[in-house]
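Protein chains in written order, with the numbering used here: chain A, 280 to 546; chain B, 101 to 370.
If you're looking for bench data, these hints aren't it; they were derived computationally from the structure. Don't take each hint at face value.
Said to hold, decoys possible - Calculated from the model, a selection of chain A residues having no Cβ within reach of chain B, i.e. all distances over 10 Å:
hint : residue
1    : ASP498
2    : LEU501
3    : HIS533
As the list claims (entries may be wrong) - Where chain B lies over chain A, by a calculated footprint (3+ residues, C-beta under 8 Å):
hint : segment
4    : 281 to 295
5    : 374 to 386
Cβ atoms here follow ideal geometry from the backbone N, Cα and C, with glycine treated the same way.
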Amino acid sequence: MIEISGLRKTFTGQDGAPVQALGGVDLTVRDDEFLTVLGPSGCGKTTMLKMIAGLQTWDAGEITVGGRPVRGPGPDRSMVFQNFALLPWATVLDNVAFGLRLKGVGKAERTERARDLIAKVGLAGFESKRPGELSGGMQQRVGIARALAVEPQVLLMDEPFGAVDEQTRRLLQEELLAIWEANRLTVVFITHSMEEAVLLGDRVVLMSARPGQIAEIVDVPLDRPRSSDVGGLERSREYVEITAHLWDRLRDMHEEHRAAPSEQAVR
Amino acid sequence: MSALAPPRARTAPRFEPRARRLPLGLVSLAAGAVLWEVVGRAAGVPFFPPLSEVVATLAAMTANGEILGNLLVSLGNLALGFAVSLAAGLVVGTAMGRYRRVKAALGVYVYALLTAPALVFAPIFFSVLGPGQSSIVAVVFMYSAFIMIVTTADAVEQVPAHLVEMARSYGANEWQLVTRVILPAASPTILAGVRLGMGRAVTGMINGEMFIAVTGLGRIVTQAGKSFDGAAVLAILLVVIAVALASVALVQFVDRRLTGWVPDTAKESR
Numbered sequence: 280m281i282e283i284s285g286l287r288k289t290f291t292g293q294d295g296a297p298v299q300a301l302g303g304v305d306l307t308v309r310d311d312e313f314l315t316v317l318g319p320s321g322c323g324k325t326t327m328l329k330m331i332a333g334l335q336t337w338d339a340g341e342i343t344v345g346g347r348p349v350r351g352p353g354p355d356r357s358m359v360f361q362n363f364a365l366l367p368w369a370t371v372l373d374n375v376a377f378g379l380r381l382k383g384v385g386k387a388e389r390t391e392r393a394r395d396l397i398a399k400v401g402l403a404g405f406e407s408k409r410p411g412e413l414s415g416g417m418q419q420r421v422g423i424a425r426a427l428a429v430e431p432q433v434l435l436m437d438e439p440f441g442a443v444d445e446q447t448r449r450l451l452q453e454e455l456l457a458i459w460e461a462n463r464l465t466v467v468f469i470t471h472s473m474e475e476a477v478l479l480g481d482r483v484v485l486m487s488a489r490p491g492q493i494a495e496i497v498d499v500p501l502d503r504p505r506s507s508d509v510g511g512l513e514r515s516r517e518y519v520e521i522t523a524h525l526w527d528r529l530r531d532m533h534e535e536h537r538a539a540p541s542e543q544a545v546r
Numbered sequence: 101m102s103a104l105a106p107p108r109a110r111t112a113p114r115f116e117p118r119a120r121r122l123p124l125g126l127v128s129l130a131a132g133a134v135l136w137e138v139v140g141r142a143a144g145v146p147f148f149p150p151l152s153e154v155v156a157t158l159a160a161m162t163a164n165g166e167i168l169g170n171l172l173v174s175l176g177n178l179a180l181g182f183a184v185s186l187a188a189g190l191v192v193g194t195a196m197g198r199y200r201r202v203k204a205a206l207g208v209y210v211y212a213l214l215t216a217p218a219l220v221f222a223p224i225f226f227s228v229l230g231p232g233q234s235s236i237v238a239v240v241f242m243y244s245a246f247i248m249i250v251t252t253a254d255a256v257e258q259v260p261a262h263l264v265e266m267a268r269s270y271g272a273n274e275w276q277l278v279t280r281v282i283l284p285a286a287s288p289t290i291l292a293g294v295r296l297g298m299g300r301a302v303t304g305m306i307n308g309e310m311f312i313a314v315t316g317l318g319r320i321v322t323q324a325g326k327s328f329d330g331a332a333v334l335a336i337l338l339v340v341i342a343v344a345l346a347s348v349a350l351v352q353f354v355d356r357r358l359t360g361w362v363p364d365t366a367k368e369s370r
């Protein structure tokens, strides 16, 4: 379980003026929940994720994962990056085994576990390829395998499918659902796509910008497993209604933003 | 290069067949040789003999063992001096590239010594270290270390932040971060600096041998120069050029082994 309370962060903007990235966020992520976080750019969703990962400091508030306060990166959490962040000189096998190697897992064991995960993400046979030889979708499969290899309790995903084309993105969504349904763990998934947020999430956290705050948390009462019939799910009434509702809210936020153009965007 | 960019083409299109490169180099060398021969004969001055005379002198010096013995002395000086420079380049360069305070503290000295003419330190080395091998090693160091420090520092600074962040997220400590992520990621640029450093080390070697401790190839050049033996001077020059080309080829060989992962498209632009 992840508990976030009173989380605040103010950055200094490029012009020296303070920019409030997070203005007091309270959020509880349940064990084995798939939580998606949606919001306009500048709402601080990636900042919040990096704080959970222990990669980013905050000014006030508290984050605990499994009851332990976050003070830095830890083996209970692993992250999947939007730009994949693969080591370009290392093979697929070595990339997937990277986290295990840092932890001092022996070569035989880490190779076995890496091979296992490479097969799970559908890349068997590509073990000795380098990232430059793979498509974007395949590279992110490596990123997911690397994150799962260290057997985390929490998977933090920062717009993981934002850099791949639409068709690949849909395939990756289905594959991620299938992997997660077979082997549940807590997932916090950042996205700017309403459809993706609804398709994947048990709940969708809608954040608003300037300052970054939670605007609404929407339950997604769609049946699981979802990976077997994504098409049917997307035609269901609930899916359409929730997506439409999220878009209404997001559009309002964009209009508010247009009304206050002097405010500066945060990432 | 942004990691957001789509994956690069597996093989870069080559508009020029690989086979044409080597003959072009040979043609250029042959033209240079002919030019040397013609100018040397036409000039008829003792300090610029034609190529044929130089080659004959070189053959004679090789036959009587003068070249080989001194070449080995010089290569020993070069190897030792370059090894010390390389170690300093990697350690100091990485520290400067990674830690802002180290860069603030050392940067001004490194850039000063990078541009200072290294031979002005020769009298100091001569006085402190004497006329032995240590003085030559010191001169080689002054010639080659700073360019490697500067390029290594730049290379380390340019390592993509997202790779460092990724490694930190998997709990990498500072040593793991440097050895497993930063140095491999920086290696293409570092090796470009090592290549420059190697060339300058050869210059440092011959200058050190000529002006401080008179040994090795530098000694023959100095003696030949004093006796106005132009052919011998140029013969040694050919040997020095061969040493320089061979050592740079060695660096390139290592470079290819270490940075085979860099896509060809990116390589062509550097």
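Structure-based check of all given hints:
With a closest Cβ-Cβ approach of about 30 Å to chain B, A/ASP498 is found to remain outside the 10 Å limit, as its non-interface label requires. Its beta-carbon lying about 31 Å from the closest one in chain B, A/LEU501 satisfies the requirement of being farther than 10 Å from that chain. Distance check for A/HIS533 against chain B: the nearest CB is about 23 Å away, which clears 10 Å, and the non-interface claim stands. Remark: the segment 281 to 295 of chain A is not confirmed as covered by chain B, as 0 of its residues place a Cβ nearer than 8 Å to a Cβ of that chain, below the required three.
Counting residues of the segment 374 to 386 of chain A whose CB lies closer than 8 Å to any CB of chain B gives 5, which reaches the minimum of 3, so the coverage claim holds.
Violated hint: 4 only; the structure is consistent with all others.
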